[in-house]
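Each chain, written out:
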Amino acid sequence: MKLSNDSGEGLENSKNFQKIYLDNSATTMVDKEVAKAMQPYFTKIYGNASSLHQFGQEAKRALEQSREIIAKSINADPKEIIFTSGGTESDNLAIKGIAYANKEKGNHIITTKIEHHAVEHTCKSLEKEGFKITYLDVDKEGFINPDQLKKEITDKTILVTIIHGNNEIGAIQDIEPIGTICKEHNIPLHIDAVQSFTKTEIDVKKQNITLSSFSAHKLHGPKGIGALYIKKGTKLNKLIEGGAHEFNLRPGTENIPGIVGFAKAVEIAKQEDCKKIAELRDYFIEKVLKEIPETKLNGPTKDRLCNNINITFKFIEGEALLIKLDDKGIAVSTGSACSSKDLRPSHVLTAIGLHPAVAHGSIRFTLSKYTTKEELDYTLTHLKKAVKELRELSPLWGQSEEELTKAAYEDDHEHEGE
Amino acid sequence: MYSEKVMEHFKNPHNLREIKDADGIGKIGNPTCLLPSEKLHKNSECIAISRLKKNKMVLSHTGNYEKVIEAYSRKYNGEIIRLKNKIGSVNITPEHLVYSIKVPKGDMFKRNFGKKTLTPTWHHAQDLKKGDIVLYPILKKEEDIKFLEIDTPKPKYDFRSKNIHKKVKLDSDLLRLFGYFLSEGNIQEKPSKTYISFSLNLNEKNISDDIHHISTKLFNIEVKIKEIPKRKTMRVYLYNAQLARWFKSLFGNGAENKKLPDFIMRLPTEKQKALIFGLWKGDGYVNIDRHGPRAGYATISYQLAQQIKMLLLRQNIVPSIYAERAKKINGVSHKKAYRIHIGQRESLKRLCRILNVKYNPTSYESIRSWFDKNFLYTPITNKEIFKYDGIVNNLEVANTHSFVSESFCLHNCGDVMWVYIKVEKNKEGKEYIKDIGVKTFGCVAAIATSSMITELAKGKTLEEAKKITRDDIKDALDGLPLIKVHCSNLSADGLKKAIEDYETKKGKR
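These protein sequence lines are chains A and B, in that order. Per the numbering used here, numbering of the first sequence is gapless, rising by one per residue and ending at 418. Per the numbering used here, numbering of the second sequence is gapless, rising by one per residue and ending at 509.
These are computed hints drawn from the structure, not numbers from a lab. Each hint should be verified, as a subset may be incorrect.
[What the hints assert, rightly or not] Below, computed lysine to any residue pairings styled on SDA-like, alpha-carbon distance capped at 20 Å: (1) A:K140 / B:T381; (2) A:K113 / B:T121; (3) B:K11 / A:E389; (4) A:K113 / B:D372; (5) B:K105 / A:K140; (6) A:K140 / B:K169; (7) A:K140 / B:G63; (8) B:K169 / B:K11; (9) B:K105 / A:E129.
Predicted model only: the values in this text are computed from it and were never measured.
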């Protein structure tokens with residue numbers, strides 16, 4: 001297997017074989033600049049940020065500078081940012097930390113039906129411990145209704161946790177009204193901003209956010225590093241014991257190269273990139289829906305993550321299509337049950353009303369700033385071919401053209417007893 | 001995850017094509033099935049799955065009707081799971097998917113408000129247990145009809161019955177009359193006269209008065225009442241042959257065959273209340289003084305019982321249905337009857353409101369079933385497993401890939417495979433598979449196993465081909481991931497079905 005070159009383009013430029021990475025919601029390529037910024041912290045500035053000597057103090061400076069960059073990007077104070085190992089840890093710390101710290105106040109948490117597993121499974125585990133969890137419905141496009149949130153709030157509610165940008169269908173929730181409701185009721189609001197960070201505006205003051213989870217590797221930063229924003233004065237229990245790192249909330253020696261890389265990635269993330277990606281996204285969606293019959297866009301048309309495309313190809317099983325595309329060097333992901341370990345389809349797709357059988361044929365393409373129009377055209381060509389091939393194998397497809405379109409209503413009494 | 005062999009066959013599948021002039025065709029769905037006698041909701045009635053053919057419309061889990069794309073049946077020898085809830089039971093193969101909520105252990109979920117937060121999905125029947133919640137759809141389509149046309153023509157030689165208006169207003173009066181008729185009425189067809197009669201108890205004067213009131217108002221026909229004090233009954237006669245024939249065409253005749261026409265099932269929920277009122281005044285009862293207050297309805301028509309269930313669900317009333325065997329009491333033989341009970345507090349309250357019965361319970365009662373906009377949520381009350389050897393059936397349904405039995409929402413899994421064979425005789429005079437083609441819908445494993453079965457079967461005699469097992473296919477592919485093993489079952493079964501098909505066709509020749 002050929003590896004992508006390190007020119008930053010992410011693909012081989014040979015004419016016959018391309019490698020195209022369209023799974024940027026799973027993880028992204030580390031930006032060259034990010035990798036460069038991290039380099040000295042492996043071999044030169046390798047001190048422990050807690051040490052008092054110069055080695056340590058130099059690392060400490062890098063740590064605090066990074067903290068400042070990230071805080072500034074969301075209009076927070078540097079003291080309100082703590083570093084973690086990634087999005088999953090941030091989500092766990094935020095939800096369990098609030099739940100355990102507010103046990104006497106109440107035991108009710110409100111979340112949605114389309115959370116990432118990091119939030120969903122954390123809530124499920126709290127449920128086993130006796131907490132009550134309300135899962136808000138979403139509409140067909142994947143948006144929650146703030147009125148339902150208002151109705152579900154009780155005097156026992158201690159936390160509202162909402163996914164900001166959904167990883168599967170790309171719906172970006174309007175946080176401001178949600179934040180206002182939470183503020184009125186004096187309930188902390190946690191948002192899972194792992195996918196949305198740097199792709200859409202996050203202003204913790206304006207949007208009344210109490211906690212927010214971030215991850216570096218979704219925005220061309222390194223893996224294994226994330227952050228949690230915690231508003232000043234928020235009561236939170238730590239989950240692991242150890243030293244007094246990170247304002248006594250997250251023990252463990254700080255991952256300085258990761259943190260520096262994270263900050264660099266945030267620093268160089270540009271709004272213009274996002275605009276360019278969104279244009280490519282819309283181009284691809286339009287092409288697919290127009291040129292491949294029996295396809296359907298899942299998720300919203302407006303307020304959608306700039307890099308997210310999720311399309312159902314009817315009469316096709318997602319795993320088969322994924323492998324076909326992979327064979328052509330194109331990397332995508334699927335919500336098909338056949339590709340999951342328990343043969344169950346994605347809970348997000350079923351929450352927006354997709355039937356499991358339809359969710360079967362869903363493919364997610366997620367773009368990045370490195371994605372080019374040529375790559376998408378190449379993908380489209382092979383997508384069309386793969387869809388056609390798989391549909392030709394399918395006994396349902398031939399029927400669909402000839403018979404499924406016939407008028408569906410027919411009385412049956414004369415056929416009885418054949 | 002997959003072996004190299006599997007990938008090889010997936011990328012370059014062999015013989016995945018249709019053979020137009022095939023000698024035998026084996027069509028097979030995912031091996032999850034129902035016993036042939038399981039009844040499914042079709043438009044306007046409930047019929048056995050074995051009688052459902054292509055292009056019929058069946059109720060799906062969305063509460064709308066969808067078209068059957070294909071009907072399958074196959075031989076099955078193994079375990080069958082019987083699930084029961086308040087409204088009925090179903091017999092299915094263990095892997096069949098049921099729309100349900102698995103209730104985790106723990107006190108949190110003892111009451112319904114804990115369960116309400118859980119998300120429903122499709123679970124294998126074998127993974128469900130007593131106490132898990134199943135969902136049952138409420139009929140979606142609503143269509144109001146203001147007027148009905150009396151379209152049965154007046155017979156040529158009928159000089160006696162009065163002319164009636166061709167059009168009649170479909171209002172609460174008429175729906176009440178329909179209700180009385182379904183419960184108490186029948187059509188008398190005698191050479192000289194055809195008419196509608198209602199059999200009532202002597203103390204049901206309010207009903208006879210109401211029938212009289214409706215008949216004069218809508219049809220301008222006065223009813224005749226005959227009291228039979230010895231049997232404590234009275235008869236109400238509505239003499240009009242045309243009307244009688246119209247009623248017969250709408251509802252069928254004979255108490256056993258009565259059923260509601262589709263358009264009534266689709267009327268707005270508010271309007272249907274008058275029908276329920278009429279039905280209940282006829283054959284129903286409400287007893288709120290009893291220790292466990294309840295209401296009930298009895299009919300010997302299976303279809304009517306199922307339709308009343310659907311009507312009640314629309315009113316957010318939970319019925320439970322029991323079939324009572326035919327029996328003899330005091331020398332009088334009773335036919336097999338279907339009893340509908342309403343015992344849950346909220347449901348009973350709603351029914352009493354429809355029937356204008358005062359019922360204001362004050363004590364608390366725990367709720368086991370509940371409704372939302374689209375579904376009834378009700379717990380599984382029993383699960384049994386038994387051995388079965390015989391035919392089982394399944395359907396492929398358009399769009400929603402689901403269908404609804406008497407009491408459960410069931411899924412048809414998407415995997416489908418068609419196997420085509422061409423048969424000829426070899427030099428020794430034995431029949432062998434000269435050519436084979438497969439069409440398949442499914443994942444990598446499904447496609448690879450389809451390709452492999454053609455490799456294994458091609459050139460073999462029918463006797464040899466019949467002996468190919470799922471393990472042979474699996475081994476030839478250097479193994480399959482555990483969760484994909486069911487795909488190899490599909491291919492082996494598909495080939496067997498194609499050979500069976502060939503042999504039956506040959507036998508007929």
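We went through each hint and held it up to the structure:
no.	hint	verdict
1	A:K140 / B:T381	violated, 33 Å
2	A:K113 / B:T121	holds, 12 Å
3	B:K11 / A:E389	holds, 11 Å
4	A:K113 / B:D372	holds, 17 Å
5	B:K105 / A:K140	violated, 31 Å
6	A:K140 / B:K169	violated, 39 Å
7	A:K140 / B:G63	holds, 18 Å
8	B:K169 / B:K11	violated, 65 Å
9	B:K105 / A:E129	holds, 11 Å
Taken one by one, the earlier hints fail for this structure at numbers 1, 5, 6, 8, listed in ascending order.
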